[in-house]
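Visitor: Single-letter residue listing:
2 protein chains.
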Amino acid sequence: MTVHAQPVLAAMPTIDDVRAAARRIGGLARRTPLLESSRLNDKFGARLLFKPEVLQRTGSFKFRGAYNKIASLTEEERARGVVAFSSGNHAQGVAAAAQLFGARAVIVMPADAPAIKADNVRAMGAEIVPYDRYSDDREVVARPYVEKGMALVKPFDDPLIVAGQGTVGLEIAEDAAAMGIRVDAVVTPCGGGGLMAGIATAIKALSPETEMWGAEPEDFDDTRRSLAAGSRVGADPAGTSICDALMSPMPGELTFAINRKLAAGIVAVPETSVAVAMRDAAAHLKLIVEPGGAAGFAALSSGEIELAGRTIAVVLSGGNVDMDLFARLVAAI
Amino acid sequence: MTVHAQPVLAAMPTIDDVRAAARRIGGLARRTPLLESSRLNDKFGARLLFKPEVLQRTGSFKFRGAYNKIASLTEEERARGVVAFSSGNHAQGVAAAAQLFGARAVIVMPADAPAIKADNVRAMGAEIVPYDRYSDDREVVARPYVEKGMALVKPFDDPLIVAGQGTVGLEIAEDAAAMGIRVDAVVTPCGGGGLMAGIATAIKALSPETEMWGAEPEDFDDTRRSLAAGSRVGADPAGTSICDALMSPMPGELTFAINRKLAAGIVAVPETSVAVAMRDAAAHLKLIVEPGGAAGFAALSSGEIELAGRTIAVVLSGGNVDMDLFARLVAAI
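Listed in order, the protein sequences are those of chains A and B.
Under the numbering used here, the letters of the first sequence match residues 1 to 333, in that order.
Under the numbering used here, the letters of the second sequence match residues 1001 to 1333, in that order.
These are computed hints drawn from the structure, not numbers from a lab.
Quick caveat: nothing in here was measured; it's all calculated off a predicted structure.
Watch out, some of these pointers could steer you wrong.
As the list claims (entries may be wrong) - Which chain B residues stay away from chain A? Per the calculated CB distances, all over 10 Å, these:
id, residue
1, Leu1028
2, Val1054
3, Asp1175
4, Asp1236
5, Arg1279
Unchecked claim - Example chain B residues on the side facing chain A (calculated, C-beta under 8 Å, incomplete):
id, residue
6, Arg1039
7, Leu1073
8, Leu1152
9, Ala1331
For each residue, glycine too, the CB sits at the ideal point set by N, CA and C.
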């Protein structure tokens, strides 16, 4: 019997994989609504439909992909536990999903991750292994756990993770259709690209003319640079950002392949726009959005995405921000 | 033909009136979800189901009653316009409902109401007539407009307003039943008592054993004092509060009659508890709640409501707070 080597690039997930993920997470992930504010519509001259994943279980979209991945492991695999490396939101998603299965979870997390994210991970019974974001390689830190037989739940570069995050796009498409609305564009924050790739997979299958936009912090624009270069390149290694959730150093192999094919473009947003977006979401939608979660909304102020008279779905991907930072950012404007 | 004088006390609304209101506002008011946080459940040792009316159209529950009232006017009455006096949230509810009917709206509003509330009222095309909260009688300021034939949309003491706000309680009862959950108590902020009376009307009809609790600011506890006295008395005239939405000087005649009959009690909450509740809602539910909107949640820390092992529905009634005040309150803890 011949064993074929696994292809370098994992198979791209399809809309069927996203639908399968939706069935797995059904009743466990919250089906977040589409929210609208006439004040924000007036401000931007567009109809804006906000997808508030800040209201998702664990405060970000990450539970969707993590649960889809862990549910797809065998019982034997789950019994050996799971390990993940994450800036915080994926950590919480993995911890929550593992807890539902009664599986052990080890999270390799930057030592400077927001306290709220680390607290929440511990509260869900997961173990935290801290590392230095600037000097350690998180994949190396996670390796001994993988070698002990624990399943690695990658933050984005896995077709099951991408398909899980894609349920955000499936819900947007279904809910817009139920409201009789045609969505001209979807804008989402982009870190490693899993959420964007998943949404694009769903949206482009169900509504091919809808544009798919991503948003990255100005100083962490690895996917934007990669799209321009035509191949994966990293962000400026000296770059830093208030958007801790979007500080992935390089697009994923799979996620870049998908986003390269499906994206209309990536907007690099300055931190001042992120703070204004956070304040607008707080004042008019009554939502706490973390900096990285507000990047897609911030991209509307760039002038790069056509707004006038159009309907734009804006993903607010997470809300796990320390209150002191939140207060400082929204009060400073 | 004999014209009978109207009875002093308007008829108490029933569950049928609440159901009729639910039909009128259906598709226009948002059916807000019940949100839950395992962290907050752990903190309070109870299962907490939050009803986030901050996500309601206009950022508070007030649209429900205002729309129910204005929809119940005749077309001729609506053509003459409506007038309302309000600390801000009722103003926005009335402005939004009048706008949907294309009716003129005049709002008599305290000059020191939060800027966000006045801005929103103006953005919905209503006219603002400012008055001094401490020296003017708002009913006197509104009178000339009523004498010109405009319909007065009272903030709480009207059976149609009470029935409209009661849809909050109807939704809690229906959604809890759909989830197979028995709610042991409902806690809501209490200003003039319309929201509390409406919720009590619905909850006590559908789930008679559920306790109905209200919460007032420590220095604006007119309903608590009135329940203790057995008749309507005012709050301390020198009282002031960060809970601008709850600074009604005296319970309504109708609302007091209902709350006296149906309430388990009223908790007077200190402002420090309100700020902690606002921070908890922000950190764990990702919601912006205004001080008055957080009073019911704050009441859980009083020790007056039994929590251990029980299921408590907590109404977060509004989120219209100026961002600078919000930032100051949640950062100060």
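Visitor: Checking each numbered hint in turn, tell me which of them this model violates, lowest number first.
Guide: Violated: hints 2, 5, 7, 8.
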